[in-house]
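**Q** Starting from the known structure of chain A, arrange chain B on it as the hints suggest.
Number of protein chains: 2
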Amino acid sequence: MSIDRVRQAALREKVMTADEAVQFIQNGMMLAVTGFTGAGYPKAMPTAIANKAKDAHAKGEKFSVGMVTGASTAPECDGVLAEAKALHFRSPFQSDPTLRNGINAGEIAYQDMHLSHVEQQMRQGFYGKFDVAIVEATAITENGELIFAMGIGHGVEAVKNADKVIVEINAALSAGLEGMHDIYGDVGLPPHRKPIPVVGAFDRIGTAGLAIDPDKIVAIVFTNAGDRNSKFAEPDDISKRIAAQVIDFLDHEVKAGRLPKSLLPLQSGVGNVANAVMAGLLDAPFDDLTGYTEVLQDGMLDLILAKKMKTASATALSFSPDALARFNENIEFLKDKIILRPMEISNNPEVIRRLGVIGMNSMIEADIYGNVNSTHVMGTRMMNGIGGSGDFTRNGFFSIYVSPSTAKGGAISAIVPMVSHHDHTEHDVMFIVTEQGMADLRGKSPKERAKLIIDNCSHPDYRDMLRDYYDRAFVASQKSGGVHTPHLLLEALSWHQRFVETGDMRIK
Amino acid sequence: MSIDRVRQAALREKVMTADEAVQFIQNGMMLAVTGFTGAGYPKAMPTAIANKAKDAHAKGEKFSVGMVTGASTAPECDGVLAEAKALHFRSPFQSDPTLRNGINAGEIAYQDMHLSHVEQQMRQGFYGKFDVAIVEATAITENGELIFAMGIGHGVEAVKNADKVIVEINAALSAGLEGMHDIYGDVGLPPHRKPIPVVGAFDRIGTAGLAIDPDKIVAIVFTNAGDRNSKFAEPDDISKRIAAQVIDFLDHEVKAGRLPKSLLPLQSGVGNVANAVMAGLLDAPFDDLTGYTEVLQDGMLDLILAKKMKTASATALSFSPDALARFNENIEFLKDKIILRPMEISNNPEVIRRLGVIGMNSMIEADIYGNVNSTHVMGTRMMNGIGGSGDFTRNGFFSIYVSPSTAKGGAISAIVPMVSHHDHTEHDVMFIVTEQGMADLRGKSPKERAKLIIDNCSHPDYRDMLRDYYDRAFVASQKSGGVHTPHLLLEALSWHQRFVETGDMRIK
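If you're matching them up, the sequences are chains A and B in order. Heads up, the first sequence is in my numbering, so the first residue is 117 and it goes up one at a time. Heads up, the second sequence is in my numbering, so the first residue is 117 and it goes up one at a time.
So here's chain A without its partners, still in its complex pose (with noise of 0.2 Å):
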């Protein structure tokens, strides 16, 4: 039973529906709502604010809100919302289709910002008071604290920050996800911190739940459906090789003395190219792996399974289906080998500088020089948006780009003279991997790394190309009294244009 749920019994009395709950979510509100990559957003909330809002916007009123999440939440939350059009700001990372339109089409205000940033612009007042927080829960405890759900991302900040709270207990979820979670609600602000004590990748350092005063909670909502559940692709052929590439790495830092054989703390980005370097190290000579970073996909727990992986930390779980299916039926087994924090300690640029994590993300595109493009499409389309992948680049201790060299059957180059939207820049990003190879950047200057990207990293099909560009580069900024980064300054985002106009990056 739902109510079961709500061990607090005073508690009872504030279950409702979404669309009575509704009533406590006005026009030009400032909402702060869990969720994180497709886990723990509420699953009835948002689908009644978007009712709300197409009622009013049929009567010619306006509605809207802004809303603040911990990362991307699903179709039934950012989609609704944004096909009700009822969001004016939302920040700081999304990833549904209908929202991107939205942003894309200048309708709605997106701040693409550093995850690590969020809970400390929210507690130092940046944004004002949140009026609601709408938080997705397992359960509330006996002396009633808040077990989070899939994913904790700001959570414990909404609560805090928010006038008024309404959970969403969510009985599709495990009960075993109880104790998973390690709750630190002592950051603070400047000048009162003190060290966040994790020394290793796994310590706990928290509670299991958070303690919220129930005055604030003003409705509790019952829903019954799993999280967004995308089903990975089987690593296909060029994934595989990309995994290859990082795995031969890693195996000769290794050899080399410079890492450990366990590794350090692994960071993997999302999607179906990070998710095959996981399948990888299943195979790999590598034991005792750990993992510290934002979201734990199918990879990171089929490794955990494996026992090749000893222990990880997350803020939000997202799995297919299938390893949904794989993680309940384990999880008394991984209940001490997976814990999920506030984003603001997966995320915390202390502890990944002293744990040493290894970045490892996907990206758009890089350019000759090593600079990366994590979010613009053609330099002018959002598409998801920067997320975590800054904290584990700047602060890591090995910061991995990977990409397939090509995308679009080959019209589009992932190598490109100058990306056409800075998120890393070649101060930060030390390896660069596509299926062709790998190009390690440190100690090389831009031109040292121009020539083993170009060899190393780009298709074929434009290595001539970037070539070409390169040696004009040289001769004109020669010419223009610096050759340090040469470029031709017309021409450097001229690919890009050119796949605007013709569909192809590609001279015909």
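Keep in mind the hints are simulated off the structure, nothing from the lab. There's no promise every hint is true.
One copy or any two copies: either way a pair holds, since identical chains are not told apart in the list.
Restricting the straight-line Cα-Cα distance to at most 30 Å, the calculated cross-link-like pairs of lysine-lysine (DSS-like) are [claimed, not checked]:
hint, residue 1, residue 2
1, K563, K178
2, K377, K356
3, K424, K310
4, K201, K595
5, K371, K310
6, K563, K201
7, K563, K245
8, K371, K245
9, K310, K453
10, K423, K347
11, K563, K524
**A** Frame of chain A; chain B shown alone:
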């Protein structure tokens, strides 16, 4: 007597001239050389190495070395070595005109990297062993501890990782420097790292000197000349207006309850504008300020002497001749108010994030979306390097970028459609300030930022050009499918190209 500064008698037999000590430097070696923003660099050895290189070149022999410093040095170090064509690799930062020309001619491979990454990569062994460390020191104590000079930079790691050490003892340095350094050598490598115990900006966590294996010391060379000591320009009207903007903003944050009245620890980049902001703080309504910075310059020194600033932490002291005299005169007063740390601590992401440092750095240019270029002139020519600006920008509580709105008598706009090189991205930069005004970019989407930056920060001569660019970019990006960040891909860098061709970004 210089010899008295070598207090461990057994070491005195290693005293020799630089021309004798240069026997330990061979072609192809990798050197770790102290020096940070014109402080703490060796005064004699570089010239001896340069002469050895010239002699070799005159005989038709090859001679060059790689050199990793803390940051920039001075003409007597980078300058003489570059002039003698004695460098083939240089990292992580420089500001010498002769060296810069060698880099921009493509003769010297220069890796421009975040200063917080340097010691970690040295320790990890990525560069291999360093053959020789050349370090400037104030003294060697009775028990063989090295007392560093006006700057530490990467000196601890230089000594630890080099096979041989040459110490330059500089008799021109105040003996009173002893006790000001705080040598902490326990950062280590993952997975064995502990929290760095700096909780307050002035916490002392180490020792005054660095214990050094006496067998490693192959030569002690005496010098008696001060650091490069360029004079600061008196703050001009534009710098004063920039300073006033920054101070107004900080005051506003204090009044809004988002900053304490003593602010948070201040980091200030180098240069006249940054120095003007420090000068402006002398009369600002804040008390008990603290500094947590890389380079302590005249402005911060005067804040301490005026008792507006309680304490300051830095890795180097870089003073004009007048300020150096004030420093030396007041060294007893200053001893418990200034602390010098290894740059791995001064620039450490963990500490900067915990303390909530207010980072304030100058820039070459910003674009209408808030990306900042700190390093390249017109996209291809290296100026100095990123230095520590990224360390403070990325992990600080506030990141502020300051610049006059134009340069070269108005021919260059510091606000452009797209920066010609990206060092700090839209995700990292929170505030842009020119003498025209300030843009607070927090919580803003790109299009909101563009309006703010153009309206508040750009020079009136360029404002209509920027609006025209933005308006046309919006229309074009609508056609190409995304107006999250409007751009005209073939025109984005055309202002820079126009300057290269005509000497003016304005259309004649």
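**Q** Look at each hint and say if it fits the structure.
**A** The hints, checked one at a time:
no.: 1; hint: K563 with K178; result: between (55 Å within a copy, 22 Å between copies)
no.: 2; hint: K377 with K356; result: within (22 Å within a copy, 56 Å between copies)
no.: 3; hint: K424 with K310; result: between (34 Å within a copy, 26 Å between copies)
no.: 4; hint: K201 with K595; result: between (52 Å within a copy, 22 Å between copies)
no.: 5; hint: K371 with K310; result: between (37 Å within a copy, 25 Å between copies)
no.: 6; hint: K563 with K201; result: between (48 Å within a copy, 19 Å between copies)
no.: 7; hint: K563 with K245; result: between (49 Å within a copy, 24 Å between copies)
no.: 8; hint: K371 with K245; result: between (53 Å within a copy, 17 Å between copies)
no.: 9; hint: K310 with K453; result: both (27 Å within a copy, 22 Å between copies)
no.: 10; hint: K423 with K347; result: within (23 Å within a copy, 63 Å between copies)
no.: 11; hint: K563 with K524; result: both (29 Å within a copy, 29 Å between copies)
Violated hints: none; the structure is consistent with every hint.
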